[in-house]
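Engineer: As a plain string of letters, each chain reads:
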Amino acid sequence: MLATSRNFEARARSGLANENLQRALALARTGFPLRRRLAIERLPEFEALREIGRAIKDHTIEHLDFYLEYYETKVEVSGGQVHWARTPEEACAAVLQICRSAGAKTVTKGKSMVAEEVGLNEYLEANGITPVETDLGEYIIQLRKEPPSHIIAPAIHLVKEQVAETFRAEHRALDPARLLDEPRQMCDEARAVLRPQFLAADVGITGANFLVAETGSSIIVTNEGNGDLTQILPRVHIVVTSIEKLVPTFEDAATLLRLLARSATGQEFSTYTTISTGPSRPGDLDGPEEYHVVLLDNGRSALIGGEFQDMLRCIRCSACLNHCPVYTAIGGHAYGWVYPGPMGAVLTPSLIGIEQAGHLPNASTFCGRCDSVCPVKIPLPKMMRHWREREYAKRLTPSVYGTGLSAWAWVARRPALYHMFAELASRALGWAGSGRGRFRALPLAAAWTRVRDLPVPEGRSFQSLWAERQKARRPR
Amino acid sequence: MRAARERILASVRSSLNRGRIGADLEAELRARIAAHRRNPIPARAATLDHRAQVDLFVTMAEEVQATVARVSSLAAVPEAVAHYLAAENLPAELVMAPDPSLDAIPWRDWPLLQIRRGRAHASDQVSLTGCHAAVAETGSLMLISRPQTPTTLNFLPDTHIVLVEANQVFATYEDGWDRLCARGISEVPPRTINFITGPSRTADIEQHIELGAHGPRRLHIVLVEGKQASGSDDGEQDSPPAG
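Residue numbers (the numbering used here), protein chains in the order written: chain H, 144 to 619; chain V, 70 to 312.
Treat the hints as calculated values from the structure; they're not laboratory data.
Take these hints with a grain of salt, some might be off.
Pairwise CB distance ranges, derived in the manner of DEER restraints [stated by the list, open to error]:
| # | chain 1 | residue 1 | chain 2 | residue 2 | range |
| --- | --- | --- | --- | --- | --- |
| 1 | H | Gly-442 | V | Ile-184 | 49 to 57 Å |
| 2 | H | Ala-445 | V | Arg-71 | 15 to 23 Å |
| 3 | H | Glu-532 | V | Asp-118 | 52 to 60 Å |
From the derived model, a few chain H residues whose C-beta atoms are all more than 10 Å from chain V [to be verified]:
| # | residue |
| --- | --- |
| 4 | Leu-211 |
| 5 | Thr-249 |
| 6 | Met-256 |
| 7 | Leu-286 |
| 8 | Arg-401 |
| 9 | Ser-444 |
| 10 | Gly-496 |
| 11 | Ile-497 |
| 12 | Thr-540 |
| 13 | Phe-564 |
| 14 | Leu-585 |
| 15 | Trp-591 |
| 16 | Arg-595 |
| 17 | Val-599 |
Every residue, glycine too, gets a C-beta built ideally from N, C-alpha and C.
Next up, chain H with everything else stripped away, as it sits in the complex (with noise of 0.2 Å):
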């Protein structure tokens, strides 16, 4: 997928000045949220299992090579096999010639994050195959051929009056004076329209929630059961995945699961929990007759061992993004790419670069929400911290505020001048203020009173009250 995260800042404006996408997220930063809450407090072990989910993801990425090829053993076992993929071309090409091989003209998707992060869709078209999204929200933006803003919920910046527009223009066979006002019509129009797609598919794409080691399985979690019918009715199978998926064993992927559903809808478990291995087995009479595990790296490998490494234990719950007051703000789509969010900020300028992603890191308010309720406890705030390092040790930051905060480092490290400066500014701006109690605009600090008042300083500073409330206990 073509990222536009340097485009950040433009897209937050304008997605601070959308009204659709204000409501469509209004919605969302409530409803996710209190959802999370409830379902994590009808489990007392909820905190242990996030110790333990933890600890296997870290235990996995330590021996992620041996893992991998017990793996890779075990879906051969099976009847299936695996395509490596170092880059999103790799697994494009692998994509293909599977279904060039299978003679596909059409495939069914399910809901595949790495599938949009090599820009599947647009590879397979320019190669006269037709990928049909069938998860609902990702169905809904391959019609407006808008990329997804949410993990889990790709649709998520939609109200449903665009859904309802989004389908008049492209369902034309249908009654255009049918109704179109409530989200269940709309559900039961794409459940119609999307049944034939589902028995005409000659391939079936999904990803993967996990990867069990033990027994070569790839697991996919879902509500629709959309995945479910991609992968049993077409005559080959495609998991698109990436290798920090692997788990050691079924044990391992049950503790993770009941850490997902509870971070990501709120739900106990998702509707639809499904291990498969393989290809159907002699006699079965359903199931694909072929399994094929495209697995890629895209520079994943190369963050094991460095200071981003806690990244490849997300199990992309989306939390993250559902607690962020940046994110539930403006929307996924200021990101720019595939993965946005906290997450994203982290992730994005690992894959993608600091050079075109240098802005998501700073896109935080640092209040640590993410990290708090992060279901593998990535310690999100942290890792953004590393990346303004970068960034500034790259001379990517703008020389403003490396020459401004130069100026108030001088000024912090010497205790005397600094508490001068401080009890001048406070009684400054306590006398500029007095009777007004707040201030609409400042000099030198637009940017802050733009959008909100400045409470005026009570007029003396913090140090100085401290020193004399110090003074007046000593003992005589």
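On the provided structure of chain H, position chain V as indicated by the hints.
Structural biologist: Coordinates of chain V only, in the frame set by chain H:
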């Protein structure tokens, strides 16, 4: 592809700052896999006696909009199924898994029920299957694919009816998995293992939860309790010896 494989593995090892792992560590990792060690399990279901587990299973399944009919014997199943279909205004026609464990049910007592055995096709409205296990923890059903239990039955029809015998209810997902292992088929598991928790749903439009996105709109569970439950499971007749 071979080259990509070697390069990715080499990159992983170089990042880990080591070569291929030694024989000792490899043995340790293989032992970790073979041990099937469970991670800590939530107490919710694991600490209950079996009767309470069955009740919890029903509560959790109903919470996610599955419907449950509790009957006292296999003999009562056809009537329960016929009543459900009538109450939902559905045709008395269903496609049923060619699963021998369903043969013990006296379907002939209800001749108005039209039953075809086999996989599901696009035109099938109602399916009926057994299950491999039922998980009390979250009200989930565990179904596995075999020639007798094709997976299309679980997804294509609008209505999926699942027969659960009380002795198939277990506390956790791990218990269901152990049951596969005990039958010696965990080495190469069945092609498809489905954990199904309620009917299909989506919240992709304005976070509105709508049932029946692509999979079944209705999930109906017929739970067979009481002394007359046959104790058979979905595969005893044809499963390989345990171990």
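Engineer: Each hint needs a verdict: does it hold in this structure or not?
Structural biologist: Checked hints:
1. Gly-442(H) - Ile-184(V): 49 to 57 Å: holds (54 Å)
2. Ala-445(H) - Arg-71(V): 15 to 23 Å: Given range 15 to 23 Å: holds, Cβ gap about 21 Å.
3. Glu-532(H) - Asp-118(V): 52 to 60 Å: holds (56 Å)
4. Leu-211: violated (7 Å)
5. Thr-249: At about 16 Å from chain V, Thr-249(H) clears the 10 Å cut-off, so the statement holds.
6. Met-256: Fine: 15 Å to the nearest Cβ keeps Met-256(H) off the interface.
7. Leu-286: holds (13 Å)
8. Arg-401: With a cut-off of 10 Å, Arg-401(H) comes too close to chain V, as the shortest Cβ separation is near 7 Å.
9. Ser-444: violated (4 Å)
10. Gly-496: holds (17 Å)
11. Ile-497: holds (18 Å)
12. Thr-540: holds (27 Å)
13. Phe-564: The assertion about Phe-564(H) holds, with a minimum of 46 Å to chain V.
14. Leu-585: holds (40 Å)
15. Trp-591: holds (34 Å)
16. Arg-595: At about 29 Å from chain V, Arg-595(H) clears the 10 Å cut-off, so the statement holds.
17. Val-599: holds (41 Å)
In this structure, the hints that do not hold are numbers 4, 8 and 9, in rising order.
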